[in-house]
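Protein chains: 2
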Amino acid sequence: MSQRLKVKQILSDDKTHYEATVKGWVRSFRNNQFIALNDGSTNNNLQIVIDAENTDAALLKRITTGAAISAAGQVIPSMGKGQRVELKAETLEILGDCDPEKYPLQLKNKPSLEYLREIAHLRFRTNTFGAIFRIRHSLAFAVHKFFNDRGFVYLHTPIVTASDAEGAGEMFRVTTLDMKNPPRTEAGEIDYKEDFFGRSTNLTVSGQLEGELGAMAFGEIYTFGPTFRAENSNTARHLAEFWMIEPEMAFYALEDNMDLAEAFIKSLISHILEHNREDLDFLATRLAEEEKQKPQQERSDMGLIEKLEFVLHNEFVRITYTEAIDILKDSKPNRNKKFQYLIEGWGADLQSEHERYLVEKHFRKPVILTDYPKEIKSFYMKLNDDNKTVRAMDILFPGIGEIVGGSQREEDYDKLVQRMQDMHVPVDELSWYLDTRRFGTAPHSGFGLGFERMMLFVTGMTNIRDVIPFPRTPKSAEF
Amino acid sequence: MSQRLKVKQILSDDKTHYEATVKGWVRSFRNNQFIALNDGSTNNNLQIVIDAENTDAALLKRITTGAAISAAGQVIPSMGKGQRVELKAETLEILGDCDPEKYPLQLKNKPSLEYLREIAHLRFRTNTFGAIFRIRHSLAFAVHKFFNDRGFVYLHTPIVTASDAEGAGEMFRVTTLDMKNPPRTEAGEIDYKEDFFGRSTNLTVSGQLEGELGAMAFGEIYTFGPTFRAENSNTARHLAEFWMIEPEMAFYALEDNMDLAEAFIKSLISHILEHNREDLDFLATRLAEEEKQKPQQERSDMGLIEKLEFVLHNEFVRITYTEAIDILKDSKPNRNKKFQYLIEGWGADLQSEHERYLVEKHFRKPVILTDYPKEIKSFYMKLNDDNKTVRAMDILFPGIGEIVGGSQREEDYDKLVQRMQDMHVPVDELSWYLDTRRFGTAPHSGFGLGFERMMLFVTGMTNIRDVIPFPRTPKSAEF
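In order, the protein sequences belong to chains A and B.
Heads up, the working numbering is the position in the first sequence plus 24, with the first residue counted as 1.
Heads up, the working numbering is the position in the second sequence plus 24, with the first residue counted as 1.
Hint data in this document are derived by calculation from the structure and do not stem from the laboratory.
Fair warning: there could be bad hints in the mix.
Because identical chains cannot be distinguished in the list, a pair is counted as satisfied if it fits within a single copy or across any two copies.
[Said to hold, decoys possible] Derived DSS-like pairs (lysine-lysine); straight-line CA-CA distance at most 27 Å:
1) Lys134 to Lys105
2) Lys361 to Lys389
3) Lys385 to Lys316
4) Lys499 to Lys217
5) Lys439 to Lys126
6) Lys85 to Lys439
7) Lys217 to Lys204
What you are looking at is a predicted structure, and each value in this text was computed from that prediction instead of being measured.
Using the sequences and the hints given, assemble the complete structure.
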């Protein structure tokens, strides 16, 4: 038998007139003659031409959408429209049947994204989700490549943790105790000393604190792993389980941190534009069609590819929180009381509507906001000399809002302990974290990028459940 | 100020006589003149020469092991032994002090691995753990590179799951229910419908089943993420949280699966031999010294580098379980009743002692064992025509035992359901999994590689807690 080749390879090769075997799934079969075969290597199908007259009728009947087949024959130039080459089948074998009466993707009408979410185990087989998850792969690889090229160390920070890293939100408990009859202390409390880890444990909300330990030895590290929030938010923007990338760098001031984050995001976009153009084009077309359904004023003025290239080729705007407040206070929607939360003055926590105004209306560019009031940020952020603001930076993206949150970290032991006490963070429990400030402390910075937020931006999808293979949300943990 | 350069860059560059700024941590300071500076980019230190006579005595006192410093000056050829170049400091700044009375790594005696496990947050700063975790980074990158180069799709399978994938072991519960007063059904059972996900959920033991869903769309996928076992095993080989790599490939028979696994392992070894030679050499020396403490007959006959090159350049032995039983039954330790578990005949589950005999004594090579009795393997493995054995394959490594477990999967719907029923696997709950066999099933295979097992092999370390940054084990979830 001739060598098995992937569809992507055959379609991208200039060669013709050679023997090949292909294996994949039937996307369509028309005129009892033309099979569109997909093997997952690309969204494009290979046309297989069969000689219906000399093919068993029973076999022909089994060539249905979704069936797995193996075909061998000559790769030849195609006479038909839409493809350069096709495979003239000499042999054809059905590896696995697919009953057209039962197959959910057999539907003549295009299945909705909502319906496909219910059959997430099969949605990979559609063009849309094929494109999305090949891009997700590339984006993940680009993350590793970016940091590897720069000498960062990939640090696997723990998933099960006894510490609530930053008070970042509600946590999931991890336990092996008998829920029906847990051991109790004399005082009647649950006795977590009897639990698997000998203490109360949760799923991590962030690898940052452990990441800082790594940065203070390797200089530059990053994490890339699952993180969790037990928030009961059933929205298109929230997941209970999502992936996050958290680099942490010794000897980086806030400016270095911003430079790195901007270079990082641009390198991700550059990578997929180079490696996933077909899939991006497919999603761009999908998005353009979706936009057509919207009223004129809600449509985006840029297509998906344009938007990616715009971010790639423009510097992000960098302004302080204080400057942003001035802009917002004086903005039309604030003066006309169109904001739901009006900006009265300095100190206000920015809402999504404000971030979107800055990014989408005022600057029309990604914006990095820095130096937020200390009251609305985490304990570990470096206090500025004004004693009012911290060296935080949030990167805001059009349509997405905050895509990166980061800061220069407070490296001074005394100041950090003071902040922890002010914010009721347990100093004793984080004694190991404080050791980085006790022993050879140094200026350092880091940030977190929500991987699914980035996926939303590069795919043009609007529901975060459509960019992770198996979404975990309140009341749902299917598959 | 001159540009900040990493120590690795300065030491690997042929240039001399140029200005540079370096930042890092003091490893040692001798004669009030020579600082050995480490910045985590390499195990090698940069010698910084300071002009003690013209340096403030108070500053000199603060140059202690562990202190973070910044130094700038000329990179010049070194007169001293042990280094090609050194930095003649013109300016020196202490960024963070390190009290020699309190710093745990200040010890004059070499700290033990056991002690370093207790201060895992600081052990990255030692040569041994610097080398280990730079290698861990490279090994992880090599995983992604191998699969990316071959067109595999990286699939993030879920961490929180409602299914017990393969009955692979004890699981951790994930819950937000109030442990003190959980909601109950009328029958008095815990009412998991009230839990966050609306059902009982656990931490995943394997991404395989979800991986198969991906393979039946993308053709070839892999996972690389944390997996969990709530087994109360306090040994040098077990972790409650560990990382696993699980590729899953449509249209692969068992032979293709073995070919891929062997090529994969060799590419990992080849990658680190190419990129981490200094760190490997350091660990090889460490291991050789450790071996010297052992009685002659317990010593390994190969050094670390030799062992890696041996695996790289030799084909793995491939034999069936049945052949292995014949060898073991007839072996000296079996005949002399030296095995703890004597091999009486076909059907016996192989113990570590048997695996080690095959790999370390009989073949003296990595061994792939195939076609195990169905009774001792999982439900999803393809049944052979003999109706007795399944198309399983385990790869056994010297000193490690099983490093890879895999199989061709049962693609036949009826046979698979029969096996599930025989083995009391709930068919209804895995209806989504069975859909891969209902709709366009195809021969497919996959395997799992325990990342920390591989780390043990390539680093020569013997305790698995020393090759993961923050080990999770019974009664321990520090940091």
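So, going through the hints one by one against the coordinates:
{"no.": "1", "hint": "Lys134 to Lys105", "verdict": "within (23 Å within a copy, 73 Å between copies)"}
{"no.": "2", "hint": "Lys361 to Lys389", "verdict": "within (24 Å within a copy, 76 Å between copies)"}
{"no.": "3", "hint": "Lys385 to Lys316", "verdict": "within (21 Å within a copy, 70 Å between copies)"}
{"no.": "4", "hint": "Lys499 to Lys217", "verdict": "between (30 Å within a copy, 8 Å between copies)"}
{"no.": "5", "hint": "Lys439 to Lys126", "verdict": "between (65 Å within a copy, 20 Å between copies)"}
{"no.": "6", "hint": "Lys85 to Lys439", "verdict": "between (75 Å within a copy, 24 Å between copies)"}
{"no.": "7", "hint": "Lys217 to Lys204", "verdict": "both (17 Å within a copy, 15 Å between copies)"}
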